[in-house]
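Novice: One letter stands for each residue in the lines below.
There are 2 protein chains.
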Amino acid sequence: MYPESLQNLIECFKFLPGIGEKTAERLAFSILDMSEERTEYFEESIRSAKKNMHLCPICNSLTDQEKCNICSSDNRDDSFLCVVEDTKSVFLFEKLGMFKGKYHVIKGLISPKEGISPDDIELGKLIDRIKTSKFKEIILAFKPSIEGETTSLYIKRILGDLDIKISKIASGIPIGADMEYIDAMTLERALLDRKSVE
Amino acid sequence: MYPESLQNLIECFKFLPGIGEKTAERLAFSILDMSEERTEYFEESIRSAKKNMHLCPICNSLTDQEKCNICSSDNRDDSFLCVVEDTKSVFLFEKLGMFKGKYHVIKGLISPKEGISPDDIELGKLIDRIKTSKFKEIILAFKPSIEGETTSLYIKRILGDLDIKISKIASGIPIGADMEYIDAMTLERALLDRKSVE
Numbered sequence: 732m733y734p735e736s737l738q739n740l741i742e743c744f745k746f747l748p749g750i751g752e753k754t755a756e757r758l759a760f761s762i763l764d765m766s767e768e769r770t771e772y773f774e775e776s777i778r779s780a781k782k783n784m785h786l787c788p789i790c791n792s793l794t795d796q797e798k799c800n801i802c803s804s805d806n807r808d809d810s811f812l813c814v815v816e817d818t819k820s821v822f823l824f825e826k827l828g829m830f831k832g833k834y835h836v837i838k839g840l841i842s843p844k845e846g847i848s849p850d851d852i853e854l855g856k857l858i859d860r861i862k863t864s865k866f867k868e869i870i871l872a873f874k875p876s877i878e879g880e881t882t883s884l885y886i887k888r889i890l891g892d893l894d895i896k897i898s899k900i901a902s903g904i905p906i907g908a909d910m911e912y913i914d915a916m917t918l919e920r921a922l923l924d925r926k927s928v929e
Numbered sequence: 732m733y734p735e736s737l738q739n740l741i742e743c744f745k746f747l748p749g750i751g752e753k754t755a756e757r758l759a760f761s762i763l764d765m766s767e768e769r770t771e772y773f774e775e776s777i778r779s780a781k782k783n784m785h786l787c788p789i790c791n792s793l794t795d796q797e798k799c800n801i802c803s804s805d806n807r808d809d810s811f812l813c814v815v816e817d818t819k820s821v822f823l824f825e826k827l828g829m830f831k832g833k834y835h836v837i838k839g840l841i842s843p844k845e846g847i848s849p850d851d852i853e854l855g856k857l858i859d860r861i862k863t864s865k866f867k868e869i870i871l872a873f874k875p876s877i878e879g880e881t882t883s884l885y886i887k888r889i890l891g892d893l894d895i896k897i898s899k900i901a902s903g904i905p906i907g908a909d910m911e912y913i914d915a916m917t918l919e920r921a922l923l924d925r926k927s928v929e
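Protein chains in written order, with this note's numbering: chain D, 732 to 929; chain Z, 732 to 929.
Rather than coming from a laboratory, the hints here were simulated on the basis of the structure.
Keep in mind that a hint or two might mislead.
One copy or two, either will do: identical chains are not told apart, so a pair holds if it fits within one copy or between any two.
With a cut-off of at most 16 angstroms between alpha-carbon atoms, the simulated EDC-like pairs for lysine to aspartate or glutamate come out as follows [what the hints assert, rightly or not]:
#1 Lys826 with Asp909
#2 Lys782 with Glu735
#3 Lys862 with Asp892
#4 Lys867 with Glu880
#5 Lys896 with Glu756
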């Protein structure tokens with residue numbers, strides 16, 4: 732229906748997550764409206780991001796340097812390791828700016844249902860890193876879910892013999908949320924993990 | 732905060748309409764996850780769309796041919812001209828498949844408030860085309876709004892002397908809409924334009 736050059740661009744936008752037909756059309760039209768300078772910058776940014784971004788050999792986070800800026804920093808606390816399920820979580824924590832330790836990114840979470848095993852998410856690399864480092868506490872920061880729990884328990888079991896504290900981030904009702912919109916599992920978790928009021 | 736190559740790509744996505752910080756981050760990360768083949772196709776599609784798409788010299792619609800496929804078709808009814816405010820509207824009507832006449836795309840709508848005059852939207856070109864063609868009816872298909880009304884009235888006034896019917900598409904309550912969500916102007920229009928039940 733659309734001219735071919737436009738249709739191809741619409742199809743490209745539809746490859747992106749959460750972008751349906753209508754939004755893809757809107758975005759493709761907006762590209763046609765942009766200055767040539769800007770669309771060339773867009774092309775160049777896609778090319779450059781694909782070319783330069785790679786996994787940090789130490790923590791698996793994305794970086795365009797040899798090692799990521801956290802692994803290569805002298806100002807991070809080597810006692811704490813925060814284990815996350817994807818690179819995006821690293822940036823989320825860094826935006827928060829509260830955590831001053833190191834990170835390790837695993838490749839997703841264990842999911843028997845979807846056939847994802849500890850090997851698939853490269854837990855071996857994490858375990859090796861922990862065993863050859865001097866971390867005092869490992870903080871597991873996965874999304875609260877069956878997969879998150881399974882992965883946490885697996886890591887805890889493997890590292891159980893070492894003299895390292897293993898913790899996980901709290902789950903419960905998000906601050907500011909309306910109680911009526913909270914799902915049953917979250918409510919149950921919030922009740923089980925209740926804390927005494929001081 | 733993000734590595735530069737990634738940050739640039741995020742900024743590019745933020746240029747797109749309706750794409751905020753969070754969505755731009757999600758889309759940029761998804762580019763990193765795509766195969767190189769696919770991202771190269773993405774770059775190529777942006778380049779090719781920008782290079783090949785241009786305005787049809789007759790109707791101002793977007794095309795990658797010399798003339799758009801509607802203007803160059805022998806199977807369209809030369810008696811009807813549908814005037815729309817952007818190229819996207821042409822494709823909307825074509826998807827519907829009901830209209831078999833020709834189109835003319837003006838560059839937006841007259842808006843005294845935003846300082847957009849008849850010259851800015853190239854109404855002269857439309858008027859010239861109508862005066863040198865054999866259209867029997869001009870159908871104005873602008874969005875129902877003050878700007879749409881103003882533009883319709885202006886065109887009607889300019890063409891008033893010619894022996895051509897000038898109509899505009901109906902506005903009113905959309906099919907299937909809940910009455911309580913209809914805004915006052917639409918309701919008023921629906922009441923004024925009421926039709927006898929047959």
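Novice: For every hint, state whether the structure bears it out.
Specialist: These are the hints, each one checked on the structure:
no., hint, verdict
1, Lys826 with Asp909, "neither (25 angstroms within a copy, 42 angstroms between copies)"
2, Lys782 with Glu735, "between (28 angstroms within a copy, 12 angstroms between copies)"
3, Lys862 with Asp892, "within (11 angstroms within a copy, 89 angstroms between copies)"
4, Lys867 with Glu880, "neither (21 angstroms within a copy, 71 angstroms between copies)"
5, Lys896 with Glu756, "neither (51 angstroms within a copy, 33 angstroms between copies)"
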